[in-house]
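Read off the chains here:
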Amino acid sequence: MTDALTKLLNSRDWLLADGATGTNLFNMGLESGEPPEFWNVDKPDNIRKLYKGAVDAGSDIFLTNSFGGNASRLKLHQAQGRVMELNRVAAEIAREVADTAGRPVVVAGSMGPTGEIFEPMGTLTHAAAVEMFHEQAEGLKAGGADVLWVETISAPEEYRAAAEAAKLAGMPWCGTMSFDTAGRTMMGTTSAAMVELVNKLDYPPLAFGANCGVGASDLMRTMLGFAAQGSERPLIAKGNAGIPKYHDGHIHYDGTPELMAEYAVLARDAGVKIIGGCCGTMPEHLKAMRAALESRPKGPRPTLEQISETLGGFSSASDGTGDTSDAPKRERRGGRRG
Amino acid sequence: MSDDEIILSDLSDDELVLQMHDDLYDGLREEIEEGVNILIERGWAPYDALTKALVAGMTIVGADFRDGILFVPEVLLAANAMKGGMAILKPLLIATGAPRMGKMVIGTVKGDIHDIGKNLVGMMMEGAGFEVRDLGINNSVDAYLEALEAETPDILGMSALLTTTMPYMKVVIDTLKEKGMRDDYIVMVGGAPLNEEFAKAIGADAYCRDAAVAVETAKSLVSRKHNQARA
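Going down the list, the protein sequences come from chains A and B.
To convert, note that position 111 of the first sequence is 111 in this note's numbering; the numbers rise steadily by one, no gaps.
To convert, note that position 100 of the second sequence is 100 in this note's numbering; the numbers rise steadily by one, no gaps.
This is chain A alone, in the form it adopts within the complex (with noise of 0.2 Å):
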């Protein structure tokens, strides 16, 4: 049988994702601190609101409310032994919106990073990610997920363990990094690299690419970056909407609607096929993306110079892939061991 995602893919040019979940969630009135995956128990109304709203506003596929929803995050509020309970809710209320939006929405069910970092720097394991992911899959699948979303990664470790446990799940998946490190992830993995790593995984996930970072532009260039390792498998980009801004004791994200919209036929034309938002972006930036893309004509692949012009400057001057040969590098003495 073939999956909800691989349908849609299938059958059309480009497929538009949802926005910001913890944005949405906090003007609804959640308190900092408090993690949004204890919404889908305590305030399922206020979820069913955020998919719907995502849903309303032309959405092919939205995510779930569990970015947070694994053992080690949610250990954090003492809650580690609701991580089954708190994804399958997840997904029993975006399974309910999905079938009564009267077309095809897909459900995917949202994997956040754990927070914690891989031996040996750190102490996390290849199996305590594997297992503690594949406990998370299982309560999204429960309540109904069509695909596993895993997102936000920087470690190509933690990319491989949710690969192995999606495999365990049974679960289609796709799989976004997020480059926010001078065009790298914080872990220093390029764009060029993690094409790299997504083809060499045996169970490879739907779609890949790139959420969050530092703005469209950036983001953009990543897609250009994994566009020109001439990759088969479609690509994602969700893209926040510009940069917070600091105002008289306010946050709120410089991306308007309008460069959001910008971004969204830019990233169509770099032959991106599923196209949302990450942290600020709104349902009134989601209609204006599809709006965008359903009415102006598929262009060339935009350059470099063409996105900043458009969107803005880039975070910093190269990101790592193609001619390094003039990249800072350090001299060092001869004579190496072990």
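These are calculated hints, taken from the structure and not from any lab test.
Any given hint might turn out to be false.
[Claimed, not checked] Sample of chain A residues facing chain B (criterion: CB under 7 Å; computed from the structure):
no., residue
1, G33
2, M121
3, A182
4, P328
[Claimed, not checked] Straight-line C-alpha distance at most 16 Å; calculated EDC-like pairs for lysine to aspartate or glutamate:
no., chain 1, residue 1, chain 2, residue 2
5, A, K329, B, D22
6, A, K75, B, D115
7, B, K170, B, D183
8, B, K52, B, D14
9, A, K329, B, E74
10, A, K329, B, D26
11, B, K90, B, E33
12, A, K141, A, E92
13, A, K273, A, D13
14, A, K245, B, E197
15, A, K245, B, D115
16, B, K52, B, E33
17, A, K329, B, E126
18, A, K329, B, D67
19, A, K75, A, E85
20, B, K219, B, E126
21, B, K177, B, D142
22, A, K167, A, D13
23, A, K43, A, E85
[Claimed, not checked] Label-pair restraints from in silico Cβ distances:
no., chain 1, residue 1, chain 2, residue 2, range
24, B, R224, A, A327, 28 to 38 Å
25, A, E331, B, Q228, 52 to 62 Å
26, A, T310, B, N195, 16 to 26 Å
27, A, E331, B, A45, 51 to 61 Å
28, B, P91, A, D254, 44 to 54 Å
29, A, G322, B, E146, 50 to 60 Å
30, B, L145, A, E34, 19 to 29 Å
31, B, E216, A, L168, 23 to 33 Å
32, A, L168, B, N37, 39 to 49 Å
33, B, E196, A, P297, 36 to 46 Å
34, B, L18, A, E309, 42 to 52 Å
35, B, T175, A, K49, 28 to 38 Å
36, B, L92, A, A327, 35 to 45 Å
37, A, K43, B, L92, 36 to 46 Å
Yeah, the Cβ is synthetic: ideal placement off N, Cα and C, and Gly gets one too.
Could you slot chain B onto chain A? The hints should help.
Here is chain B on its own, set in the frame of chain A:
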């Protein structure tokens, strides 16, 4: 490139110190411990071993992290090697009454449970020879005040990853002002959604983009503070 085994104890002092810089860069903890022991056996003052071998080596690591040549995994390994050397030097530094680099109290603000960046800053600060008291995550004003009174640090460091929690830094700074304690400390702030403008708006002394910048900023602000105290 030679594959010859390097025998640390065969190297001259100058060569050994350079080799230790490389070994820190490569995160070789045992080699760093051996190097520190050799320097001490050769009669080096513990403070010289700290500053010329370890701190100087970590400065190179910090610069390359700042410049995007090294990334978090390499920095964590280097900090771990540094820690091995520090464990040997610490009792000797205390015994010889060596000058302190300075002390920092650091913690993630209330409502925020993210700690990777803050941990990295703590490790790099220790790597630079600072004493660090880590308060962990989700700290209230009271938790910061209590630690400041108990530790009398030079620096207060606050971290936040969420746009919803970063305004709490201002609450802490405003409380320090009310209590007339603001000028007793250098206040440094950091975290992904912050920027220079925000730090200025809330009355912090400095915004630190990353752990390497935090170390450089701490060094220059602490020495400025010490100079002012002497003047």
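Status of the hints after comparison with the structure:
no.	hint	in the structure
1	G33	holds (4 Å)
2	M121	holds (4 Å)
3	A182	holds (4 Å)
4	P328	holds (6 Å)
5	A:K329 <-> B:D22	holds (14 Å)
6	A:K75 <-> B:D115	holds (14 Å)
7	B:K170 <-> B:D183	holds (15 Å)
8	B:K52 <-> B:D14	holds (10 Å)
9	A:K329 <-> B:E74	holds (14 Å)
10	A:K329 <-> B:D26	holds (14 Å)
11	B:K90 <-> B:E33	holds (13 Å)
12	A:K141 <-> A:E92	holds (9 Å)
13	A:K273 <-> A:D13	holds (7 Å)
14	A:K245 <-> B:E197	holds (9 Å)
15	A:K245 <-> B:D115	violated (22 Å)
16	B:K52 <-> B:E33	holds (15 Å)
17	A:K329 <-> B:E126	violated (25 Å)
18	A:K329 <-> B:D67	holds (10 Å)
19	A:K75 <-> A:E85	holds (14 Å)
20	B:K219 <-> B:E126	holds (12 Å)
21	B:K177 <-> B:D142	holds (14 Å)
22	A:K167 <-> A:D13	violated (27 Å)
23	A:K43 <-> A:E85	holds (14 Å)
24	B:R224 <-> A:A327: 28 to 38 Å	holds (34 Å)
25	A:E331 <-> B:Q228: 52 to 62 Å	violated (39 Å)
26	A:T310 <-> B:N195: 16 to 26 Å	holds (23 Å)
27	A:E331 <-> B:A45: 51 to 61 Å	violated (29 Å)
28	B:P91 <-> A:D254: 44 to 54 Å	holds (52 Å)
29	A:G322 <-> B:E146: 50 to 60 Å	holds (51 Å)
30	B:L145 <-> A:E34: 19 to 29 Å	holds (24 Å)
31	B:E216 <-> A:L168: 23 to 33 Å	violated (46 Å)
32	A:L168 <-> B:N37: 39 to 49 Å	holds (47 Å)
33	B:E196 <-> A:P297: 36 to 46 Å	holds (41 Å)
34	B:L18 <-> A:E309: 42 to 52 Å	holds (47 Å)
35	B:T175 <-> A:K49: 28 to 38 Å	holds (36 Å)
36	B:L92 <-> A:A327: 35 to 45 Å	holds (40 Å)
37	A:K43 <-> B:L92: 36 to 46 Å	violated (57 Å)
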